[in-house]
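Peer 1: For reference, the chains in residue letters:
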Amino acid sequence: MHSIVCIKQVPGTNKVNMDPDSGTLIRSGAEAKLNPYDLYAIETALRLKEQYGGTVRVISMGPPQAEAIIREAYSMGADDGILLSDSSFAGSDVLATSYTLSRGIERMAPYDLILCGKQTTDGDTAQVGPEIAEFLGIPSVSAVRMIQQADRNTITIEMDLQSEIQILKAELPCLLAVDKDIFQPRLPSYRRKQETKDRPVQIWSLSDLADQDTDHYGLNGSPTQVMRIFPPESGRRQEIWRDRGEVLADALFAKLQDLKLLPAVGRHG
Amino acid sequence: MNYKVLEAEDIAALQQIVKDRERLLTGDAISEDYSHDELVGEQCFPDVVVKAISAQEIAEIMRYAWENHIPVTPRGAGTGLVGAAIPVESGILLDLSLMNQILELDEDNLSLTVEPGVLLMDVTAFVEERGLFYPPDPGEKTATIGGNISTNAGGMRAVKYGVTRDYVQGLEVVLPNGERIELGGKIVKNSSGYDLKDLIIGSEGTLGIVTKAILKLLPLPAKTISLLIPFPSLEQAIGTVPRIIREKSTPTAIEFLDRDVILDAEEYLGKKFPDNSSSAYLLLRFDGPSTADIEREYDEVARICLEEGALDVLISDTAERDESIWNARGSFLQAIKSANASLVEIDAVVPRSRVNDLVSYMHAVQEETDTRIKCFGHAGDGNLHIYVLKETQDEPDWDRKAEAAMAKIYQYAKELDGQVSGEHGIGYDKRAYLNESLSAVVLDLMRGVKKAFDPRNILNPSKIL
Numbered sequence: 021m022h023s024i025v026c027i028k029q030v031p032g033t034n035k036v037n038m039d040p041d042s043g044t045l046i047r048s049g050a051e052a053k054l055n056p057y058d059l060y061a062i063e064t065a066l067r068l069k070e071q072y073g074g075t076v077r078v079i080s081m082g083p084p085q086a087e088a089i090i091r092e093a094y095s096m097g098a099d100d101g102i103l104l105s106d107s108s109f110a111g112s113d114v115l116a117t118s119y120t121l122s123r124g125i126e127r128m129a130p131y132d133l134i135l136c137g138k139q140t141t142d143g144d145t146a147q148v149g150p151e152i153a154e155f156l157g158i159p160s161v162s163a164v165r166m167i168q169q170a171d172r173n174t175i176t177i178e179m180d181l182q183s184e185i186q187i188l189k190a191e192l193p194c195l196l197a198v199d200k201d202i203f204q205p206r207l208p209s210y211r212r213k214q215e216t217k218d219r220p221v222q223i224w225s226l227s228d229l230a231d232q233d234t235d236h237y238g239l240n241g242s243p244t245q246v247m248r249i250f251p252p253e254s255g256r257r258q259e260i261w262r263d264r265g266e267v268l269a270d271a272l273f274a275k276l277q278d279l280k281l282l283p284a285v286g287r288h289g
Numbered sequence: 009m010n011y012k013v014l015e016a017e018d019i020a021a022l023q024q025i026v027k028d029r030e031r032l033l034t035g036d037a038i039s040e041d042y043s044h045d046e047l048v049g050e051q052c053f054p055d056v057v058v059k060a061i062s063a064q065e066i067a068e069i070m071r072y073a074w075e076n077h078i079p080v081t082p083r084g085a086g087t088g089l090v091g092a093a094i095p096v097e098s099g100i101l102l103d104l105s106l107m108n109q110i111l112e113l114d115e116d117n118l119s120l121t122v123e124p125g126v127l128l129m130d131v132t133a134f135v136e137e138r139g140l141f142y143p144p145d146p147g148e149k150t151a152t153i154g155g156n157i158s159t160n161a162g163g164m165r166a167v168k169y170g171v172t173r174d175y176v177q178g179l180e181v182v183l184p185n186g187e188r189i190e191l192g193g194k195i196v197k198n199s200s201g202y203d204l205k206d207l208i209i210g211s212e213g214t215l216g217i218v219t220k221a222i223l224k225l226l227p228l229p230a231k232t233i234s235l236l237i238p239f240p241s242l243e244q245a246i247g248t249v250p251r252i253i254r255e256k257s258t259p260t261a262i263e264f265l266d267r268d269v270i271l272d273a274e275e276y277l278g279k280k281f282p283d284n285s286s287s288a289y290l291l292l293r294f295d296g297p298s299t300a301d302i303e304r305e306y307d308e309v310a311r312i313c314l315e316e317g318a319l320d321v322l323i324s325d326t327a328e329r330d331e332s333i334w335n336a337r338g339s340f341l342q343a344i345k346s347a348n349a350s351l352v353e354i355d356a357v358v359p360r361s362r363v364n365d366l367v368s369y370m371h372a373v374q375e376e377t378d379t380r381i382k383c384f385g386h387a388g389d390g391n392l393h394i395y396v397l398k399e400t401q402d403e404p405d406w407d408r409k410a411e412a413a414m415a416k417i418y419q420y421a422k423e424l425d426g427q428v429s430g431e432h433g434i435g436y437d438k439r440a441y442l443n444e445s446l447s448a449v450v451l452d453l454m455r456g457v458k459k460a461f462d463p464r465n466i467l468n469p470s471k472i473l
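Chains as they are written, first to last, in the numbering used here: chain W, 21 to 289; chain D, 9 to 473.
Next comes chain W alone, as it looks inside the complex:
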């Protein structure tokens, strides 16, 4: 199984600060890390390689310092990595990002499988995966919670639709966006880090891609215009109840059911 995993560098902390005037993310000063959801995609690719053989390659788009996450993927076990980095890619929205990545992937062909995380922790759109598949003209499945099996031409997966599980067989090549917890991601290995210290990370710019029309990339290729970014109103609400313990327990149980935090079955069911 020859897999390509799409990965992204995101801010190192989960507390994203917003510049209230410009409406953009404040990234300066914060350490960066590999998007935690992508770790599940890398792990899935590594497991498939362990089971079926093949290779694991990663691809990312970002500034030159995003090389760090390619190296991190190496220390988890990835064989090779590409970083798409060019000033003309800057300011990409979801569509331009997906297009750019799809052009990179096109150049990496042949492949059997493209793996993405569920979403990123900074943009949180969960759209890049399916859009890449669209540009490549291959099938895509999101919310993948389990890989049942794969053979030369197909892969059978379980898709979590919350109220039901759909078991699908997809033709290869295809793209899968995997859920959190599909596998527990392995930790980067010091040993592999030493071994891959000198392994190159290929940096591709616009001139390395087949389509070199700058109108398709970066700000020019992005139909989305961000008017304003603001933190959502806090959903934190407090209710204070006073009563006997038994009454409160029933009320709490009912409330948790209302909030769908508990299944809506009878108390004794």
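Because the hints were derived from the structure by calculation, they are not lab data. Just so it is clear, CB atoms sit at the ideal spot from N, CA and C, and this is done for glycine as well. A portion of the hints provided could be inaccurate.
Selected chain D positions facing chain W (in silico; Cβ < 10 Å) [claimed, not checked]:
1. Lys224
2. Leu228
3. Ala230
4. Lys231
5. Ile237
6. Phe281
7. Pro282
8. Thr299
9. Val321
10. Ile323
11. Ser324
12. Thr326
13. Ala327
14. Glu328
15. Ser332
Could you slot chain D onto chain W? The hints should help.
Peer 2: Chain D only, in chain W's frame:
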């Protein structure tokens, strides 16, 4: 010891002090929770529970108890493991959990003044939000600070930062006779007579009741990185620790993990550990100003571990990765508890260079006493948590066998120049072992100390000694 049995007039007098009806409980209103702690099987109910809200109130209650010879047992969150908060002589149980206010953050002196009922997790969250750091890190985050002070709780940063005692600068204490005293203060140094503050810390509520504490804070390290290091055997893992320490490297924690316990934790949490292919692991944590600084620091340690036979060195450098490791590590006790019908715990501490001797000895003990034992612990500070397990409810003769295993382990720990308890305390449950372990002269001095504070022996009687 003959104490006064509480009568209606005593309850009425206490109600006079407490005023609020909801904060004084008797009879059926006393929840079963008050009769035990997290581990000790002993069940004793108090005659009355008072949920105190101020030092003044506690002082008045103590004065009444003192004059009427009524035993008083202080209690925080009840997360202790040795029965120190169980009212074995009945009387008054003083629940301090409502005294849970953070009173003052003094950034000029880097100190935090708290009431005793504040939970450790709340202290941590409060200071870390402000870029500050309270280093003691016991596994039980829902314990109260008062409880941590009572046992001189240690935890998982002791290797580099020390224990609770190192971070308590001052205490307000109500004595058994109801007098209020202040010990220490917002001061960094103190050579003013006997250090009674340090005597109160670790006294398990037998000398006085802590009603306020001034904690010492440090600046929060910007970055932490953990290393999870698989070894082919536990002996090899623990055997590497002295070399790490000799290298003058200063991880905040050096823990050892056994595969069996990791599997228990996976089962208990319903979550996979990032690696469970090896039979043993060392878990190290480093902190520092930046990733680059920490990488420089751990590089030598990683090299040593590989030289000593480690299979690899796995790096955890993000909150998500840390969570997948440290949540499991923090759940070990609960995980072992839930996988077994019953268990007894040994919290012995030995010199760091002797940890391997004690761990290897477990094989012999299990064979000699026909018991099942699991252990984990702090390889970096010599403190082990050893559990003699009752796997099924109907295991015949288990009490006697467990007793025999415990006696052997404590005896061996003593031979290794160790002590009975590293961080959980003596309480009610481990008194016999303390008695065996310390010399008659030392025990006499301890009794003298108790007598000086509490000549009527009303405060948490039948504990420690």
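Peer 1: Compare the structure with each hint and give your call.
Peer 2: Hint by hint, here is what the structure shows:
1. Lys224: violated (26 Å)
2. Leu228: violated (13 Å)
3. Ala230: Given a least distance of 9 Å, the restraint on Ala230/D holds.
4. Lys231: holds (7 Å)
5. Ile237: Result: holds, 9 Å to nearest chain W Cβ.
6. Phe281: It holds, given that the least Cβ distance between Phe281/D and chain W is near 7 Å, below 10 Å.
7. Pro282: Since chain W brings a Cβ to about 5 Å from Pro282/D, closer than 10 Å, the hint holds.
8. Thr299: holds (7 Å)
9. Val321: Check passed: Cβ of Val321/D comes within 4 Å of chain W, closer than 10 Å.
10. Ile323: This interface hint holds because 5 Å falls under the 10 Å limit.
11. Ser324: Holds - the Cβ of Ser324/D comes within 10 Å of chain W, reaching about 6 Å at its closest.
12. Thr326: holds (5 Å)
13. Ala327: holds (7 Å)
14. Glu328: holds (5 Å)
15. Ser332: holds (7 Å)
Hint compliance for this structure: hints 1, 2 are not met, and every other hint is.
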